[in-house]
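Residue numbers (my numbering), protein chains in the order written: chain W, 1 to 382; chain G, 1 to 329.
These aren't lab readings, by the way, just hints derived from the structure by calculation. Keep in mind that a hint or two might mislead.
Stretch by stretch, here's where chain G covers chain W in the computed footprint (C-beta under 8 Å, at least three residues) [stated by the list, open to error]:
no. : stretch
1   : 157-164
2   : 235-245
3   : 281-288
4   : 331-340
Heads up, the beta-carbon is just placed ideally off N, CA and C, and yes, glycines get one too.
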Amino acid sequence: MNAHQQAQTSVRAPFGQRVRDWWNGLNRFQQWGVLIPLVVLIYALPILNPPLLTTEPGTDFQIALFNAARFALIAIGLNVVVGQAGLLDLGYVGFFAVGAYVAAILTSPDSALRWDYPWIAIIPVAVVVTMATGVLLGAPTLRLRGDYLAIVTLGFGEIVRLLADNVTPLRGQRGFQDVGRPEGLNADGTAIFNSSDGTPWYWLVVTVIIIILIFVGNLERSRVGRAWVAIREDEDAAEIMGVPTFKFKIWAFTMGAAIGGLSGAIYAGQIGFVNNQKFDVVTSVLFLAAVVLGGSGNKVGVILGAFVISYVPDRFQAIAEYKYLIFGLALIVLMIFRPQGLLGSRQRLLAKGRQAYRKLLGRPEQIAKESAMIDSAKGVQG
Amino acid sequence: MLAQAEDSWIDFNVGLFLDQFWSNTVDGLAYGSIYALIALGYTLVYGVLRLINFAHSEIFITGAFGAYFAMEALGLKPGPTARLGILEIIGFLLLMMAVAMIISGVSAVVLERVAYRPLRKRNAPTLVFLITAVGASFVIQQLFFVSRGANPEPALRLIRPTEVFTVFGARVTNIQLLVFVAALLLLVVADQFINRSRLGRGVRAVAQDPVTATLMGVNRERVIMLTFLIGGVLAGAAAVFYLLQIPQGVVYNGGFLLGIKAFTAAVLGGIGNLRGALLGGLLLGVVENYGQSLLGGEWRDIVAFVLLIVILMFRPTGILGESLGKARV
Numbered sequence: 001m002n003a004h005q006q007a008q009t010s011v012r013a014p015f016g017q018r019v020r021d022w023w024n025g026l027n028r029f030q031q032w033g034v035l036i037p038l039v040v041l042i043y044a045l046p047i048l049n050p051p052l053l054t055t056e057p058g059t060d061f062q063i064a065l066f067n068a069a070r071f072a073l074i075a076i077g078l079n080v081v082v083g084q085a086g087l088l089d090l091g092y093v094g095f096f097a098v099g100a101y102v103a104a105i106l107t108s109p110d111s112a113l114r115w116d117y118p119w120i121a122i123i124p125v126a127v128v129v130t131m132a133t134g135v136l137l138g139a140p141t142l143r144l145r146g147d148y149l150a151i152v153t154l155g156f157g158e159i160v161r162l163l164a165d166n167v168t169p170l171r172g173q174r175g176f177q178d179v180g181r182p183e184g185l186n187a188d189g190t191a192i193f194n195s196s197d198g199t200p201w202y203w204l205v206v207t208v209i210i211i212i213l214i215f216v217g218n219l220e221r222s223r224v225g226r227a228w229v230a231i232r233e234d235e236d237a238a239e240i241m242g243v244p245t246f247k248f249k250i251w252a253f254t255m256g257a258a259i260g261g262l263s264g265a266i267y268a269g270q271i272g273f274v275n276n277q278k279f280d281v282v283t284s285v286l287f288l289a290a291v292v293l294g295g296s297g298n299k300v301g302v303i304l305g306a307f308v309i310s311y312v313p314d315r316f317q318a319i320a321e322y323k324y325l326i327f328g329l330a331l332i333v334l335m336i337f338r339p340q341g342l343l344g345s346r347q348r349l350l351a352k353g354r355q356a357y358r359k360l361l362g363r364p365e366q367i368a369k370e371s372a373m374i375d376s377a378k379g380v381q382g
Numbered sequence: 001m002l003a004q005a006e007d008s009w010i011d012f013n014v015g016l017f018l019d020q021f022w023s024n025t026v027d028g029l030a031y032g033s034i035y036a037l038i039a040l041g042y043t044l045v046y047g048v049l050r051l052i053n054f055a056h057s058e059i060f061i062t063g064a065f066g067a068y069f070a071m072e073a074l075g076l077k078p079g080p081t082a083r084l085g086i087l088e089i090i091g092f093l094l095l096m097m098a099v100a101m102i103i104s105g106v107s108a109v110v111l112e113r114v115a116y117r118p119l120r121k122r123n124a125p126t127l128v129f130l131i132t133a134v135g136a137s138f139v140i141q142q143l144f145f146v147s148r149g150a151n152p153e154p155a156l157r158l159i160r161p162t163e164v165f166t167v168f169g170a171r172v173t174n175i176q177l178l179v180f181v182a183a184l185l186l187l188v189v190a191d192q193f194i195n196r197s198r199l200g201r202g203v204r205a206v207a208q209d210p211v212t213a214t215l216m217g218v219n220r221e222r223v224i225m226l227t228f229l230i231g232g233v234l235a236g237a238a239a240v241f242y243l244l245q246i247p248q249g250v251v252y253n254g255g256f257l258l259g260i261k262a263f264t265a266a267v268l269g270g271i272g273n274l275r276g277a278l279l280g281g282l283l284l285g286v287v288e289n290y291g292q293s294l295l296g297g298e299w300r301d302i303v304a305f306v307l308l309i310v311i312l313m314f315r316p317t318g319i320l321g322e323s324l325g326k327a328r329v
């Protein structure tokens, strides 16, 4: 930490920190008072179609919102793996693909294995199969060092894609038509969930995101979450302190896979068609960019990051062609100048510990903490 | 679940495998020497910095584009092989090599300067390095995508493949022979340079123990730059050999797959180990070809990926072990 940074931090806490302090300073009712209108506003977005926010005429605004929400869901899942447990997964699109394919195989009339169960019953199956894939990949590879893991997951993502290309029952590029959707008809007899109207899909994904956020938030605050943070910060130390690191890494991988599979299955339903395209490494890196951009380890941050990654190219069509280039550059620039992303990781647990320390001794602790994503200068602010 | 739906999507064609055994071996060695050259770049950087330089595959494709534009500038036209005298071909080849090696070498050094050095200054954790490397790879790839489009450049053929001699009935073409011998030569030179020269000793010292090496007067930053330079130069040479064997392969994402496979080769031989990179490259080239004739062409890439996962599971230190700085834990 250099003197300049020190001086700056003592004068004024960074914006994210102030927002966080403000939020933590509110009591439960006040927090609800802010949260509920916000959620209502988020739900109302596709109907309001605000003039400045709208992506039309280029892209249908409801569909753009659905895609942004879908990206957010994926980013939350990937965040569990990369942000919470510190495992760099470059093949996350593989899980997404597995979820989409399972949903397609079980619901599409093109498939020999079609089940006549309602959509809501198929989704858990897709999630469970994806989780099993996560265990299957994680069990042999999670004993590896972090950098090897990155390349193995990259290989895994490619294997999934190549299997979709080559295994005849998966139908390669022809793919599966008419993938199942949630049931239900409008008053006029048309399906509520169809491929042209993004609104119900958006609401569905937002609801799923809220549920997943509660679920993941609880996981984070539990023993599992503490183990993840410990592994992310220092795997060897965690192991020595008695954290069964391998087990919890598998946990992280499986949870991440489950969320990836879920979003894949929903995506397959909305598009109504699954084939071997769109599951390439580039997509994986885009997912990673969403997580890193928003702030790896911070759930609100990754949602923001996903929104930027998905919404900005839709809103500003002129840059759509260059979006991969821009987000790739963003990755490098962020890693050099702001490795914690737009909104840094909250590190609630560490922060709690520091608060206790401060209360006890009347001064902040002196040891500089190094985090997996945050350099020591930012770490000590707690 | 899927297998019962249709059980003929994968079959083992042992007859074809035996028939083509020798020609597969020859092709595999020729193609594998390209892997070996690229693998050396991964191995060197990994040995010195403990970093998987994801962007190395893009350094390679940058060299390929450089060599391609050099060919274009020399007046080669897409279509049938140009009719050139032997001296002309040699001259063209040397020029292409020089262009590709300079471009790749320089871009590797620039990459190190722009992307990795600032991180080293900040003492960034591994995860940050890895994400930067992925980002850099992405950016270089997309630069080519934006400027040259998604379609491969039209093939320019410098040398017509002709049979030189046969091994157990498998024909060896002049291109294959040239690539194999030249790659081997370059690898020997690189190996000798690292093991014998003063600069090479510095590289090994930093790989073994950066702090002590610095205390002993080795300039770490210079060593790191040198490492990237050597890796880049060899990738440039690999790019020319690649262009000779696969003239239609100059495309923005052409380096990606080759990069992963070269990394597989490096791990297979033992990452951080120069001779391991050679062994791993040749072995991977050959095994991949065997897999191709045994299972069918569409399984070729899967063979390589599965091999990577299997090695990492059972012998993560590779065949020859990790040893750029010898005693490492």
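Evaluated hints:
1. 157-164: holds (count 4)
2. 235-245: With 0 residues closer than 8 Å to chain G, the stretch 235-245 of chain W misses the three-residue bar; violated.
3. 281-288: holds (count 4)
4. 331-340: Held - the stretch 331-340 of chain W has 5 residues with a Cβ nearer than 8 Å to chain G, which meets the minimum of three.
The structure is inconsistent with hint 2 alone, although it conforms to all the rest.
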